[in-house]
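J.: Chains as they are written, first to last, in our numbering: chain A, 1 to 397; chain B, 398 to 634.
Worth flagging that the hints you see were computed from the coordinates, not collected in a lab.
Any given hint could be a false lead.
Stated by the list, open to error - Partial chain A-side listing against chain B, Cβ under 10 angstroms, derived:
no. : residue
1   : Leu90
2   : Pro119
3   : Leu145
4   : Asn146
5   : Leu192
6   : Phe365
7   : Arg368
Given the structure is predicted, the values throughout are model-derived calculations rather than measurements.
Virtual Cβ for every residue (Gly too), placed ideally from N, Cα, C.
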Amino acid sequence: MTSEPGQPASGAGAGRPVVVTDVAVVTALGDTLAATWQALLGGQTGIRPLARFPTDRYAARVAACVDRLPVPVGGGSRLWPLLERLLAGLGPLPADTRLFAATTKGAIDALENWRLGRPFDPADLEPGRVLDWLRSRLGLCDDGLNVNAACASSTVAVSLAAAEIAAGRAEVAVVCAADLVSEFVFSGFSALQALSPVPCRPFDRARAGLSLGEGAAALVLMGAGRARHDGRPPIATVAGWGVADDATHVTAPARDGCGLIQATQLALARAGLGPADIAAISAHGTGTVYNDLMELTAFRRVFGGVVPPMHSVKGALGHTLGAAGAIETALGLVALREQTAPPTVGLREPEAGAEGLVSSRPQRFSGRYLLTSNSGFGGINAAVVLGPPPGPTVEAR
Amino acid sequence: MGWVTAAGAARGRQARGFAMPVGPLPKLTRQMVFDEPDARFGRLDAFSRLGLVAAALALQDAGLAGPVVRRPFGVVASTVRGCAATDVAYLETLVPAPGAMPSPNLFAYTLPNCFLGEVALRFGLTGPAYVLNEQGPRVAALRLALSALDSGDVQVMLAGVCDVPAPSPWGDAAGVLPGAVFVVLDRRDSADPAPWGEIGVGEGGAVRYGGSVVTGVPGLVEACLAGGPRPPTAVSA
């Protein structure tokens, strides 16, 4: 399949079909995808007063923390019990599974403990520790890599994993994403004046910034033929993906949404779809003035006058940084299956131009494809199109 | 190709050789890569400045650092400790008076991919830009850059490594030398200047250049310099 420079090979023939065969999620709303979804659908929020460290000097006092996440004996990082809780919900993996981790700050609490003279495990500071831990826990042979693309890390990881499978360079991949609520990150966003003093309100006229959250997600991707051979029923297809940079600013999104537009168009082209094929959008929707405005601008440009229903889960789960993309992809799978966009928790009065697009209530939709996207520092944008599981015409392995 | 190592900073076509020894890195100044004043350069942390200078030298070597035009070029960088030194520096602004004076400027660079944003905005790179933390042989950046070129999403990819000396509490990771080395991979037939040679992924996923397996970006640079530039071919390094 040939393609124009700067445009992906599109649609059928752009590679082997890629399917999702397993998924697990841990968030402030629950230890499973089902529990998180049910709570989300009910309009609950996991953003609560923060007790993990003093917040009196910061611009916010709230965050979405995973319930009862213990500090291991000896001062180990909370990252390990979070990942342990996540992987308890994942089935066994083939030994040839490729490992794509996505964490922006990993065991950052270990670094805090070191600096503050508190007990810590020196091994937690080793950069390869996350990969070692995951490889050992999952019984994998692959060395793995951690993708660091700020708040788009796990969406980029899903894109890379899907690309490897589509091109025949891998048959199975797992994307494991996680990030913690830490004073390191909390203080930084406070210093950038990016934190909302109250639980964040994505796409709301009165939105005042983001709320941080922690969580983890794991997605198992396979070639459709391998999934059939291994007897793993596909949950959905990863139909398209795209990654692009704004090339405009390092910490603020491009006001014209150029990078998100490009990433979305690449994802649609790769899926062989037009804008009208997208039934719903899981937006990044952080609740900052500029991000949410950028997304509305970008999606209006891509979808013309017919932007499909949009939602953001960050008013319920907080901004889970590197894990956001994978968590939101997992919830997108459920949304697609249920043909229901979850409520945008925190929304009261939509931003001008978002009326009718986002809602504080669940939105029914009808269609086969859902777009999920994330954007981050460095100007990075990533978009993934999820679709129905493949039909019976998939080639036998 | 472009690099900053303890042996100095250079572009491939102007270099007499390549070395990546143990030792302190040279002081990096804006004038090494940018003619015009650059207010942001002086505020960059050491990790970002290192990666930006090496990437800029590589683009200059490839004749692609001219007037900024937005183009579908991407960049992938591999790092072992990433911005750990910046993390420690940021913590120092946080700890003395808890929560009183955390530095927003430093915090912005506690994500290791941010220096790629600096490269992207200065040179108009609109393709994918992300960092990899990896173990073992560090060829993933090269491999994924080649994959991106194969996808048709981009015309050119920079691939590189970037590591600053590790601060306390870390020791220097075994086998990780301080420095940044970037290569420009260009799929266009009209590549000018003459490319160094052809690179691709062979049997078993091994990255190959000139018939030999590539074990990392520094090794690729050494192989390119040993062979010298070649007549244009379909894919160049």
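J.: Taking each numbered hint in turn, which are not upheld by the structure, reported in ascending numerical order?
T.: 1, 2, 6, 7
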